[in-house]
Amino acid sequence: MVISMEHTAFEIARIIGARALQLAMGAPMLIKRPDTIYNPTEIARQELGAGVLPMTVKRPMPQKIEAE
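Numbering-wise (the working numbering), the sequence shown opens with residue 3 and increments by one.
If you are wondering where the hints come from, they were derived from the structure by calculation, not from laboratory data.
Note that the Cβ used here is the ideal one computed from N, Cα and C, for glycine as well.
One or more hints might be untrue.
Distance ranges between label pairs, derived from CB positions [what the hints assert, rightly or not]:
{"hint": "1", "residue 1": "I33", "residue 2": "E68", "range": "46 to 52 Å"}
{"hint": "2", "residue 1": "D37", "residue 2": "R61", "range": "34 to 40 Å"}
{"hint": "3", "residue 1": "M63", "residue 2": "R35", "range": "37 to 43 Å"}
{"hint": "4", "residue 1": "E8", "residue 2": "I67", "range": "25 to 31 Å"}
{"hint": "5", "residue 1": "A29", "residue 2": "Q65", "range": "19 to 25 Å"}
{"hint": "6", "residue 1": "P62", "residue 2": "I14", "range": "17 to 23 Å"}
{"hint": "7", "residue 1": "G28", "residue 2": "P62", "range": "20 to 26 Å"}
Generate the whole structure from the sequences, applying the supplied hints.
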């Protein structure tokens, strides 16, 4: 899997975990499943690596504090 430079390790873990839960609950797969993989986490990891997940990450912008 290629780790994206635009996401932190925590964001990647959150995306994979959320997608694995969706797959475990019966969501359709976005890639063709290899014959040897049945683990939702591994499937979610492959979907992320393929770039087919329609998930975005919202980061809060730092608030600027002005000195008085």
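Each hint, compared with the structure:
no. : hint                   : in the structure
1   : I33 to E68: 46 to 52 Å : 49 Å, holds
2   : D37 to R61: 34 to 40 Å : 38 Å, holds
3   : M63 to R35: 37 to 43 Å : 38 Å, holds
4   : E8 to I67: 25 to 31 Å  : 27 Å, holds
5   : A29 to Q65: 19 to 25 Å : 36 Å, violated
6   : P62 to I14: 17 to 23 Å : 18 Å, holds
7   : G28 to P62: 20 to 26 Å : 33 Å, violated
Against the hints set out earlier in the document, violations occur for numbers 5 and 7.
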